[in-house]
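J.: One-letter residues, chain by chain:
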Amino acid sequence: MTAITLPWLDEPKFQCFGCSPRNHIGLALTMHRVGDGRIRSEITFSENYASYPGVVHGGIVGVLVDEIMGDLLALDRGMLAFSTTLRTKFLMPLRVGVPYTAEARISKEGAGVVMTEADVSSADGEVHVMANGTYQPIRSDQAKEFMGLDGADYDRLHHYFDHRIGQS
Amino acid sequence: MTTSETLDRTEVLTTIRGFVATELGLPGAEIGDDVPLKELAGADSIKMLRVVAQIERRYDAEF
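Just so you know, the sequences run in chain order A and B. The numbering of the first sequence is our numbering, which starts it at 1203 and goes up by one. The numbering of the second sequence is our numbering, which starts it at 7 and goes up by one.
The set of hints was computed from the structure by calculation and includes no laboratory data. None of these values were measured; they are calculated from a predicted model. Where hints are given, some of them may not hold.
Said to hold, decoys possible - In silico lysine-lysine, DSS-like type, Cα no more than 25 Å apart, as pairs: (1) B:K44 to A:K1291; (2) A:K1310 to A:K1215; (3) A:K1310 to A:K1291; (4) A:K1310 to B:K44.
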């Protein structure tokens, strides 16, 4: 298992709730490559992310799977994408203070989108969450409008935008 | 799979039997077409939920 240095962490505008260590209320997720086109993130949630006592909030679990699937696209396809569909099957609750592993993979692509899958498992291998995501590449005009990118920031990051998936 | 693919009953049965067999650790041959899933050895609600989730992924469906 190889640790991944996320290449966007030092970007000055970057405050991602999922993976930026500069976001002090975020998850600061780290990624590892595990082969077979998958990446993995290991996390133990604190009580700051609880819903019911001792139980991790489902929305936070959604952040975990969305982040690892989106990071996989950025790392392996070199593109930033918006999630257009995120379906999360909660099979068993996640507990606060217990370590979990999330793994993501690309499942298929075409018609302008990439589809991904992510599973969250406990140390005994039990799958607690199965998620599917559909991601649409971000266009340059969207990056400028929503992220406020321009000038040198845009020039440095433009290669992440305007990817075409299964389109001529 | 895509919506342009045609579902074949035999292929669907084989695929789902494979999901169930893997989840329960049973030989596929022991899982008949009409057997109630909850009567299979080792079946519980969590394992059956995992099977459902795999079916949803495979066929882009939601139950």
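J.: If a hint holds in the structure, say so; if it does not, say that too.
T.: Structure-based check of all given hints:
1. Between K44 of chain B and K1291 of chain A, the direct Cα distance comes to roughly 20 Å. Compliance with the 25 Å bound is thereby established for this hinted pair.
2. Among the hinted pairs, K1310 of chain A with K1215 of chain A is inconsistent with the structure: their alpha-carbon atoms are about 31 Å apart, more than 25 Å.
3. Restraint check for K1310 of chain A and K1291 of chain A: the C-alpha separation of about 19 Å stays at or below 25 Å, so the hint holds.
4. Taken as a hint, the K1310 of chain A and K44 of chain B pair is broken in the structure, with Cα atoms around 32 Å apart against an allowance of 25 Å.
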